[in-house]
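Enquirer: Below are the chains, spelled out letter by letter.
There are 2 protein chains.
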Amino acid sequence: MTETKLFPPAGDKAALEAGDVLTPRFGPDGTIACVTVDADSGQVLMVAYMNAESLALTIETGEGWYWSRSRGELWHKGATSGNVQKVVELLTDCDQDALVLRVRVDGAGATCHTGQVSCFYRRAPLGQKAADGPVRLEHVGGERRFDPAEVYGHRH
Amino acid sequence: MTETKLFPPAGDKAALEAGDVLTPRFGPDGTIACVTVDADSGQVLMVAYMNAESLALTIETGEGWYWSRSRGELWHKGATSGNVQKVVELLTDCDQDALVLRVRVDGAGATCHTGQVSCFYRRAPLGQKAADGPVRLEHVGGERRFDPAEVYGHRH
Numbered sequence: 001m002t003e004t005k006l007f008p009p010a011g012d013k014a015a016l017e018a019g020d021v022l023t024p025r026f027g028p029d030g031t032i033a034c035v036t037v038d039a040d041s042g043q044v045l046m047v048a049y050m051n052a053e054s055l056a057l058t059i060e061t062g063e064g065w066y067w068s069r070s071r072g073e074l075w076h077k078g079a080t081s082g083n084v085q086k087v088v089e090l091l092t093d094c095d096q097d098a099l100v101l102r103v104r105v106d107g108a109g110a111t112c113h114t115g116q117v118s119c120f121y122r123r124a125p126l127g128q129k130a131a132d133g134p135v136r137l138e139h140v141g142g143e144r145r146f147d148p149a150e151v152y153g154h155r156h
Numbered sequence: 001m002t003e004t005k006l007f008p009p010a011g012d013k014a015a016l017e018a019g020d021v022l023t024p025r026f027g028p029d030g031t032i033a034c035v036t037v038d039a040d041s042g043q044v045l046m047v048a049y050m051n052a053e054s055l056a057l058t059i060e061t062g063e064g065w066y067w068s069r070s071r072g073e074l075w076h077k078g079a080t081s082g083n084v085q086k087v088v089e090l091l092t093d094c095d096q097d098a099l100v101l102r103v104r105v106d107g108a109g110a111t112c113h114t115g116q117v118s119c120f121y122r123r124a125p126l127g128q129k130a131a132d133g134p135v136r137l138e139h140v141g142g143e144r145r146f147d148p149a150e151v152y153g154h155r156h
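Heads up: the protein sequence lines correspond to chains A and B, in order.
Residues in the first sequence are numbered consecutively from 1, following the UniProt record's numbering.
Residues in the second sequence are numbered consecutively from 1, following the UniProt record's numbering.
In case anyone wonders, no lab produced these hints; they're calculated from the structure.
Check before you lean on any hint, since a few could be wrong.
Treat identical chains as interchangeable: a pair holds within one or across any two.
Below, simulated DSS-like cross-link-like pairs (lysine-lysine); rule was C-alpha separation at most 30 Å, straight line [stated by the list, open to error]:
(1) K5 to K86
(2) K129 to K86
(3) K5 to K129
Make the full structure from the sequences, and use the hints.
Expert: Have a look at this one:
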């Protein structure tokens with residue numbers, strides 16, 4: 001585990017909101033939500049989670065590192081697929097319980113494990129009432145940038 | 001509580017990822033993460049959480065509704081400040097455990113309770129090593145759009 005000296009304990013509300021020290025508030029599972037966006041287009045690419053170690057590695061290396069909650073392991077995004085994230089800017093929110101990572105994506109330029117540029121490739125229409133039943137999604141993601149079977153084999 | 005007939009139980013991995021039915025995977029606390037972005041500039045405005053009721057209200061009314069985890073209550077964003085969110089587009093991610101809301105903000109056009117346009121008004125510089133100690137944040141949010149003391153009184 002990387003030392004977490006980098007992140008002092010959170011202060012009071014005023015320090016959290018107006019202070020100039022990064023004191024991320026990791027949740028009960030030790031992670032903080034991170035929104036990763038394309039630095040050029042602004043498109044939201046993914047929402048993932050970082051623990052202290054992955055956040056420290058992201059800051060130190062300038063590449064996107066996360067904590068995979070499903071696999072329970074440190075995750076260097078793009079290590080398998082080549083779609084490594086080069087970080088342009090890291091932002092924290094007012095109460096320091098969420099991060100934004102602005103990145104440029106290497107390789108095929110895809111972030112989603114399905115081969116899509118963004119994980120957010122489906123739109124839910126608005127205006128539907130609760131009694132109307134299921135909401136039908138529309139695919140808005142365009143063409144895949146890679147074939148997951150080729151890149152990941154049978155793991156996905 | 002609004003009926004949740006709107007959201008059937010999640011199917012298997014294939015249905016979640018490639019299906020055309022919105023089956024949001026609310027977490028153990030009944031909420032799902034939502035990234036709210038400015039529909040025009042793409043700027044990330046906030047990260048908040050929705051329960052089934054607030055998501056149903058967002059879809060039905062086309063305005064941003066959330067579940068305030070800190071206050072434990074349904075939250076019509078902008079009801080007090082006038083900075084109501086008009087939803088342009090709602091997206092779900094591959095495994096349906098995160099949402100993106102593309103909005104236009106009414107009123108002063110500010111989303112953060114501090115008066116900033118976005119909750120993400122501070123940048124953490126990159127390149128620092130874990131042993132180097134605290135990360136100093138830079139303010140990148142510009143001028144406040146409103147004075148929280150005037151808008152919220154002493155509640156914030």
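Enquirer: Taking the hints in turn, state whether each one holds.
Expert: Structure-based check of each hint:
For the identical chains of this complex, K5 and K86 are intra-copy neighbours only, at 24 Å inside a copy versus 42 Å across copies, given an alpha-carbon limit of 30 Å. Taking the shortest Cα distances, K129 and K86 sit within 30 Å of each other only across copies (17 Å), while inside one copy they are farther apart (42 Å). In this homomeric assembly, K5 and K129 come within 30 Å of each other (Cα to Cα) only across copies, at 10 Å, whereas the closest approach inside a single copy is 50 Å.
No hint from the list above goes unmet by this structure.
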